[in-house]
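A.B. asks: The chain contents come next:
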Amino acid sequence: MTENHIRGIDDLGKSGIEEILALSDHFHEVSTRRIPKVPALRGKTIALLFYEDSTRTRLSFETASKRLSADSLNFSIGSSSVKKGESLRDTIETISAMGVDAIVVRHGSAGVPWMLPRWTDAAVINAGDGSHEHPTQALLDCYTIRKNLGELNGKRIAIVGDIKHSRVARSNVKAFLALGASVTLVGPKTLMPFNTDDWGVETTDQFDSVIGDSDVLYMLRMQLERQQKSFVPSLREYAKEYGLSDSRAQSMKPESLIMHPGPMNRGVEVSSNIKEHPKSVVNNQVANGVIIRMSALYYLLGAGSITKLEGFNDE
Amino acid sequence: MADLERPNTPLDGGVFHARSEIMNADGVRRALWRMSHEILEQNRGLSELVLVGLEVGGVHLAQKLAENLLEIEKQKVPVGTLDVAFYRDDIGIRQVTPSNPTDMPFDLTSRIVVLVDDVLFTGRTIRAAMDAIVDFGRPAAVQLAVMIDRGHRELPIRPDYVGKNVPTRRDELVDVTENGVLLGVMKDAKP
Amino acid sequence: MSELLLQGGRVLDKAGDRLADVLIDDEGRIAEIGKGLKGKETLDVQGKIVSSGFVDLNAYLGGPEDQLSETIISGTESAVKGGYTAVVAISRNPVVADNASSVKALIELSEEALCETIVSGSATLHNDAGTMSPLGEISDAGVKLFSASGPPLTDFETTRRIMEYSQKYDITLLYSCSNSYLSPKGVMNEGAVSSQLGIPGIPAVAEEIEVFQLSQLALLTGANLHFQQISTAKSIEIINEAKSNGASITCEVSPHHISLDESFITSFDARYKVLPPLRSKQEIASVKELITSVDAIATGHSPCQDHLKQQAFADAPFGTTGLEAALGASIMHLDIPLKEILRLMSWSPAEIAGIAETHGGDLVPGRPANLAVFDPEATWVVKGDQAASKCSVTAFEDIELKGLVSHTLVNGKLVVIDGVVQDHGR
Chain A
1 MTENHIRGID DLGKSGIEEI LALSDHFHEV STRRIPKVPA LRGKTIALLF YEDSTRTRLS
61 FETASKRLSA DSLNFSIGSS SVKKGESLRD TIETISAMGV DAIVVRHGSA GVPWMLPRWT
121 DAAVINAGDG SHEHPTQALL DCYTIRKNLG ELNGKRIAIV GDIKHSRVAR SNVKAFLALG
181 ASVTLVGPKT LMPFNTDDWG VETTDQFDSV IGDSDVLYML RMQLERQQKS FVPSLREYAK
241 EYGLSDSRAQ SMKPESLIMH PGPMNRGVEV SSNIKEHPKS VVNNQVANGV IIRMSALYYL
301 LGAGSITKLE GFNDE
Chain B
1 MADLERPNTP LDGGVFHARS EIMNADGVRR ALWRMSHEIL EQNRGLSELV LVGLEVGGVH
61 LAQKLAENLL EIEKQKVPVG TLDVAFYRDD IGIRQVTPSN PTDMPFDLTS RIVVLVDDVL
121 FTGRTIRAAM DAIVDFGRPA AVQLAVMIDR GHRELPIRPD YVGKNVPTRR DELVDVTENG
181 VLLGVMKDAK P
Chain C
1 MSELLLQGGR VLDKAGDRLA DVLIDDEGRI AEIGKGLKGK ETLDVQGKIV SSGFVDLNAY
61 LGGPEDQLSE TIISGTESAV KGGYTAVVAI SRNPVVADNA SSVKALIELS EEALCETIVS
121 GSATLHNDAG TMSPLGEISD AGVKLFSASG PPLTDFETTR RIMEYSQKYD ITLLYSCSNS
181 YLSPKGVMNE GAVSSQLGIP GIPAVAEEIE VFQLSQLALL TGANLHFQQI STAKSIEIIN
241 EAKSNGASIT CEVSPHHISL DESFITSFDA RYKVLPPLRS KQEIASVKEL ITSVDAIATG
301 HSPCQDHLKQ QAFADAPFGT TGLEAALGAS IMHLDIPLKE ILRLMSWSPA EIAGIAETHG
361 GDLVPGRPAN LAVFDPEATW VVKGDQAASK CSVTAFEDIE LKGLVSHTLV NGKLVVIDGV
421 VQDHGR
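Protein chains in written order, with the numbering used here: chain A, 1 to 315; chain B, 1 to 191; chain C, 1 to 426.
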């Protein structure tokens with residue numbers, strides 16, 4: 001039974017993150033080949049268990065599996081089957097009985113990836129659990145920043161928007177801090193977590209105060225339904241206070257990046273042409289998604305552990 | 001003979017304890033010269049030739065061969081590096097972590113590819129390398145150059161160019177650097 | 001039933017504790033308490049405490065339409081195993097006791113119970129929470145406790161009318177202050193842990209606001225109120241304030257709220273999902289400091305089918321079992337004399353439930369022998385699969401407790417011997 005999982009950033013720690021980023025350099029090279037596929041995980045079976053619809057993330061994992069020559073099984077489970085009475089445990093035991101080596105799981109409720117090892121020996125990768133964590137997104141963001149700025153150590157990163165409901169923010173805070181960056185969370189108090197005392201971050205509701213100092217502006221997606229529950233009075237006001245407009249982008253540092261986990265609400269958290277802005281690395285993020293997920297899968301199913309094996313090339 | 005403690009040791013750890021020197025620095029240099037000439041002679045020139053060093057031990061040898069060929073023929077031979085980790089047949093059996101990313105900035109179709117590695121042992125690395133090579137094109141021919149052939153083959157693979165044939169025990173290790181070739185064992189390895 | 005002698009135990013009641021034998025007559029009443037007594041049958045209880053049996057004010061024991069979570073038999077097996085001799089059965093939607101005939105059916109069903117089971121009613125109609133149920137008719141059927149949390153917190157007028165109307169029948173209205181107006185999706189305590197886990201939180205103040213509003217209405221109307229499952233110190237302070245102003249209010253805390261804190265939820269195990277939620281360590285410490293002004297420890301025993309707790313945290317139902325762990329959790333986690341534990345678990349809840357004639361109170365000749373025998377020093381670890389309850393998922397799993405019931409007597413009959421529920425032929 002494996003103790004190796006990527007459920008949250010804490011499962012990896014700094015050394016695990018570093019290892020996955022190092023693997024990503026290899027898979028980046030693989031992805032540039034005429035045949036961007038290696039036989040590394042031949043014979044391995046990876047279950048993609050998506051309780052929440054996410055075509056992008058699912059395709060990213062599916063592509064990563066295929067490029068590693070692993071077999072992937074798709075389980076898209078609507079909330080209806082939960083209502084039919086099949087417990088999470090039943091589902092996991094069923095999938096496990098099919099002989100899978102890893103389960104990639106996305107679920108609307110926090111913590112589901114942590115429950116899985118009770119019922120399966122497979123390695124677990126969290127593809128997003130509620131508002132809790134989304135570690136592979138954080139890894140690809142770290143990789144993207146490293147590729148563009150050299151390193152994260154000493155960098156100032158502002159994460160802007162709906163932190164409260166964001167799994168991307170929670171994983172990114174942990175990963176950015178682990179790699180030595182400092183993090184400021186920006187948003188109205190309604191969209192901030194109730195208590196961030198232990199997070200090791202700064203918080204502010206003044207977006208303009210951080211723009212000039214930040215090496216990265218990480219803009220979160222604003223869920224459009226937040227307006228109805230009075231988290232913000234209107235999307236227009238949100239865009240005015242916290243949206244990355246062209247003029248705000250003007251006041252960014254020279255060597256700085258605009259990031260967004262996608263999909264974007266153009267005209268809300270970012271102005272309509274920010275994605276094409278010279279500082280934007282949003283397209284890199286998407287491209288790096290497959291690479292990072294190849295690394296994550298290989299890290300769990302291939303490399304086995306993070307110990308380097310080099311040295312005596314007796315063979 | 002002194003024990004060598006390496007920054008990167010195999011998974012089971014331990015310290016390489018050299019028992020005997022098989023070649024000294026001059027020996028390695030001379031072997032590389034001879035192999036360079038053999039490659040040139042065998043292929044009647046260098047026009048289609050590509051050297052591919054296998055990570056990590058074959059890379060510096062491939063570069064050295066390229067330098068020699070440049071000196072002899074005044075012609076630059078492209079050198080690629082290949083990490084075969086993702087092609088190995090023991091992934092999942094032991095830890096297989098790649099060392100340095102592959103660098104193969106050219107199509108191998110119709111080229112004569114000389115794979116270069118430091119030690120030929122079971123042949124499994126070369127098997128993996130041949131699988132990897134074909135992902136970069138369809139070479140006209142694939143040849144193999146190794147500094148040491150230590151026997152114990154498990155696959156039908158033979159080298160085209162050899163620095164030296166060395167009979168070894170299975171549990172021994174061969175260490176190849178520009179400074180020479182040592183034969184020894186790992187001590188204090190974790191069980 | 002033949003004469004039974006409990007020999008060599010330490011009898012503990014309001015009069016204090018003393019080494020004494022307890023003789024129980026063949027009608028199940030206490031015949032004599034003293035030293036050197038003789039009886040036909042003798043049970044050696046040396047080193048153990050002999051006290052009045054415990055009384056739980058808040059347990060869900062299944063119902064006619066829900067025999068899978070718990071039944072009146074499994075539920076009361078669980079109760080007597082925990083030393084309880086009387087349990088107030090709280091209905092859970094959609095089981096409602098909002099009319100006399102369904103209440104009578106519930107009372108009839110409760111005759112199968114292993115211990116006294118007190119049926120509670122509903123103060124509002126099942127299909128119309130804003131309308132008062134026939135309190136008089138239900139009360140005439142023998143019900144004195146009414147769940148009254150039906151009307152929304154904002155419907156103050158109905159709440160007030162129920163409080164006013166209830167007084168004619170000398171009944172007590174039960175309120176659980178866990179409305180979700182401040183946290184529609186909340187499933188755990190709001191705080192550092194919920195923020196870290198990204199789980200929607202329930203602020204302590206949500207409970208406190210409701211406790212405050214209801215206690216003000218209690219002062220206004222003079223109704224008898226009992227607050228269920230109070231989980232914050234501020235709530236207790238508000239209740240104490242209203243009490244000192246003359247309100248007829250009592251309140252209970254649960255064994256899990258004084259022993260388990262929110263950090264258990266970092267495992268995402270839904271066994272820790274309860275309502276009100278497990279609070280912070282700090283809050284628990286403050287509640288414990290006020291425990292002497294609390295009126296009862298009540299389990300809030302809320303079993304469900306095991307598989308329902310094997311869902312994602314947000315999807316699983318609220319609730320944990322508690323009848324078997326209550327004594328051990330209380331002794332382990334409350335730094336108060338045993339006498340105070342018995343006040344909270346037996347004497348005071350017996351008064352609130354209106355059964356002080358037969359339960360709780362002093363051990364004196366003539367009273368029915370509703371007794372618990374327990375070792376207050378015994379430490380043990382909870383294993384849900386050994387529970388008498390139908391539900392094997394409990395928040396107390398693997399938790400070490402102190403204080404273990406060995407024998408329970410209901411009307412003089414030994415229903416638990418050496419911790420084992422006796423075969424009762426059902």
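The set of hints was computed from the structure by calculation and includes no laboratory data. It cannot be assumed that every hint is accurate.
As the list claims (entries may be wrong) - Cross-link-like lysine-lysine pairs, in silico, DSS-like; alpha carbons within 25 Å at most:
| # | chain 1 | residue 1 | chain 2 | residue 2 |
| --- | --- | --- | --- | --- |
| 1 | C | Lys339 | C | Lys288 |
| 2 | C | Lys168 | C | Lys144 |
| 3 | C | Lys185 | A | Lys229 |
| 4 | A | Lys189 | C | Lys288 |
| 5 | C | Lys40 | C | Lys413 |
| 6 | C | Lys14 | C | Lys40 |
A.B. asks: All the hints need checking, so say for each whether the structure fits it.
C.D. replies: Hints versus structure:
With a C-alpha separation of about 16 Å, the suggested pairing of lysine 339 of chain C with lysine 288 of chain C holds against the 25 Å cut-off. Simply put, lysine 168 of chain C and lysine 144 of chain C have alpha-carbon atoms about 12 Å apart, close enough for the 25 Å limit, and the pair holds. Taken as a hint, the lysine 185 of chain C and lysine 229 of chain A pair is honoured in the structure, with Cα atoms around 12 Å apart against an allowance of 25 Å. For the hint pairing lysine 189 of chain A with lysine 288 of chain C, the CA-to-CA distance comes to about 33 Å; that exceeds 25 Å, so the pair is violated.
Restraint check: the Cα-Cα separation between lysine 40 of chain C and lysine 413 of chain C comes to about 14 Å, which is no more than 25 Å; the hinted pair holds. Proximity of lysine 14 of chain C to lysine 40 of chain C is assessed by CA-CA distance (about 28 Å); at most 25 Å being required, the pair is judged violated.
In summary, the structure is inconsistent with hints 4, 6 from the numbered list given earlier, while agreeing with the others.
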